[in-house]
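For reference, the chains in residue letters:
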Amino acid sequence: MAIIKLREMKLNQEGIIREIEGKGDLTRKIRDMGIVPGTEITVIGRAPLKDPVALRLKGFTLTLRNKEADFITVETEEKK
Amino acid sequence: MTITAALAGNPNAGKTTMFNSMTGAKQRVGNYPGVTVEKREGTVTVNDNPMNIVDLPGTYSLTAYSPEELVARDFLIKERPHIVMNVLDATSLERNLYLAVQLMELGIPTILALNMMDAVKKQGKEIDRKKLSELLNVPVIETIARSGKGKKELLNEAYNYAKEKDGAWEPLHISYGSDLDEAIDEMTEFIVESGLLKNQCPARWVAIKFLEEDEQIIDLAMENGVGNKLTEISDKVSKHCYDTFKTYPEALIADYRYGYIASVVKQGVIKSNTPENRIEFSDKIDKVLTHRFAGPVLMLAILYSMFYLTFSLGEIPMGWLESFFEWFAVTIGNILPDGLVKSLIVDGIIGGVGGVLGFVPLIIVMFSMITFLEDSGYMARMAYMLDRVMRTFGLHGSSVMPFIVSGGIPGGCAVPGVMAARTLRSEKEKLATILTAPFMSCGAKVPVVILLAAAFFDNSAIVMFWTTLGGWVAAFIVARILRSTIIRGEATPFVMELPPYRMPTLLGVFIHTWERAWQYIKKAGTVILAISVIIWAAMTFPGLPQDDIKSFEDQRVTLKLSYQGKILDEKILEINNLENQAALRYSIAGKIGSSFEPLTKLAGFDWRTNIALLGGFAAKEVIVSSLGTSYAIGEVDAEESSGLSMKLKNDPSWNKFTAIALLIFVLLYAPCFVTVVVMAKEASWKWALFSIVFNTTFAFTISASVYQIGTKFLM
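For the protein sequence lines, the chains are S and X, in the order given.
Under our numbering, the first residue of the first sequence carries the number -18, and numbering increases by one thereafter.
Under our numbering, the first residue of the second sequence carries the number 5, and numbering increases by one thereafter.
In case anyone wonders, no lab produced these hints; they're calculated from the structure.
Note that this is a predicted model, so its numbers are computed, not measured.
All C-beta atoms in this analysis are idealised placements derived from N, C-alpha and C, irrespective of residue type, glycine included.
Hints are supplied without guarantee of correctness; some may be wrong.
Stated by the list, open to error - What the simulated footprint calls covered on chain S by chain X, stretch by stretch (three residues with Cβ under 8 Å from a Cβ of chain X suffice, anywhere in the stretch; the number is not a length):
#: 1; stretch: -9 to -3
#: 2; stretch: 30 to 37
Stated by the list, open to error - Chain X stretches covered by chain S per the calculated footprint, using a threshold of three residues with CB under 8 Å from any CB of chain S:
#: 3; stretch: 63 to 69
#: 4; stretch: 91 to 101
#: 5; stretch: 297 to 305
As the list claims (entries may be wrong) - Simulated pairs of lysine to aspartate or glutamate, EDC-like, Cα-Cα distance not exceeding 20 Å:
#: 6; chain 1: X; residue 1: Lys651; chain 2: X; residue 2: Asp610
#: 7; chain 1: X; residue 1: Lys129; chain 2: X; residue 2: Asp287
#: 8; chain 1: S; residue 1: Lys4; chain 2: X; residue 2: Asp239
#: 9; chain 1: S; residue 1: Lys4; chain 2: X; residue 2: Asp247
#: 10; chain 1: X; residue 1: Lys432; chain 2: S; residue 2: Glu56
From just these sequences and the hints, can you work out the full model?
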């Protein structure tokens, strides 16, 4: 088990959302889209310039920028 | 009784498809008061009774986060529709239920439409509709909006349920944990006492919104006077949350809401027959279409072919329309006697409005393609791939489409380009996109490039290439400047769904395209008609003084005595052209052009160029033809301008740098007035006028610098 930032996740890596820091418009939007603690996510792609990142959760695909991913902490299985 | 039903749902859940399927083409489109969010309504007949359906904007939540959400919420609270039909994408049920639960917390009679049930089956899943209905205590209907399946049941059930509820709101209570629940109860009491939003929404809902730091609700509470008391409670619980959990009430509320949904869904609502996570069709396509290397290449290919198709397909009906208006102008011209009335009708009205209506086929073809790309899900992928680049300049991934359409590939048009910016959901980025898209090399600027390239440069293709690139560079630089100054502000978060690829419905593409075209046609008949007349008047009045007319007439008489046949015709034509030139110089537009000459000389433009540029504000196509008139060589066809280019080449007041300065100016100065009108509609008149002043100043500064440096140091 490892606790890392969403930004550090690798392609096809799975994880469980642990924490979303901060408040206000940005994190509210992230939560509204279903990123809340306990949600299982998988990184399914990155844009050609490595940013934004595409996630699979709750049966749909969500994209967000690395800058936004920095607010999110994920628990993953160690996978090097 | 006429029942009013609101259609609510997440973007991409199939809500609009359902609405189209219910109402067909009989839709009324307007705006919600004070915002640019579209309001669609339609009437259907259910059980022999009319039912009014309002299509709310697609939202993920009911906060005051975006104009769409605010509009949807205000409509529900203020208009109190009898029923809400909530369309859910059943393939991502949990996330879609987030909005549904908020509707239920508000208490408004709600009926759920589990849409895309065909896709759910394909994924090997089953949804127990009865169970879901039982657990949530609302009717649930299965639908497939694309084929219209379940539509009748949905409407019938909505009708019956609305009758049954008869306007009674029954809010759902969700527990938000003991700390928050206690605070909510306490706040609810104060809210009931104060009468805040009484008879509009449940007091408990107001309390929850207050804890969620909903600006609109907080403002209302402050006005009412109960705000301070509520703030006190909310601050206390907020501090407690932070001290114990390092979190905020708004975060806890979202967590508990999703927790509630998970608890419902887990009670056997979803059954999966194929447990393994199989790769879906969409993911397979994405492996190629958003691939690191193949993705961008394919995107360029798709954009280019779309563009090529639009202009080669659009050109044909555009030609028909042009010929029609030409024929119409000639026919009317033959009926009317010579004089001002004829000139007004033929040159002013038919010329002006006809020129504008000529764009209609282009808009139709262009928008059917854009709608196709958008509805298929590819547009979201383009935004995803390009966001990193666009963000550097303060724009958004979705800004690329408006740029391309406006002439990012030469030959576009800023009118549909600015309209295409509507797909941007973030206000600041959208404004920056609208303001910079007109810098692109639209089709009407191309003849000017060809004319000047032929006169002063060896290779026209290279000139065209640099002009196109110049448009992009200018758009990016100006966007960056605007976003760091007057449209400053944090980048709007890019939290976007990538919907699965889907085949767009023909009806959806048709309705969307037709709406855009019709809006445009309506404008042509009103604002554009008025401006055409003004521009015509400026180039016509006051007309040459009697003495001058007589002097030209005398010259013609003299010629008729000394020449005959072909030579006579040529000499007469020469005099006519000189007379037109003199009349143009004497007109209001001519005088304005001359009065600006001392200033525009800095960029090498004389009064003749100035008139052409003024005319170019009507439509950039006019630039070449007015240069023709002001250089007294008669009618010049924008496509066939070799005579004019020879004339310019041999004119001592022109050199290479005059040409470069003019090219830059034409590329960057005020958008044509059709674009300005569209900008006013999409943003506001304030920003539309800003673009005229700003772009012209910006263009002139660069042109003048280039001309001055070029002529002083490089010649």
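Hint compliance check: list the failing hint numbers for this structure, sorted ascending.
1 and 10
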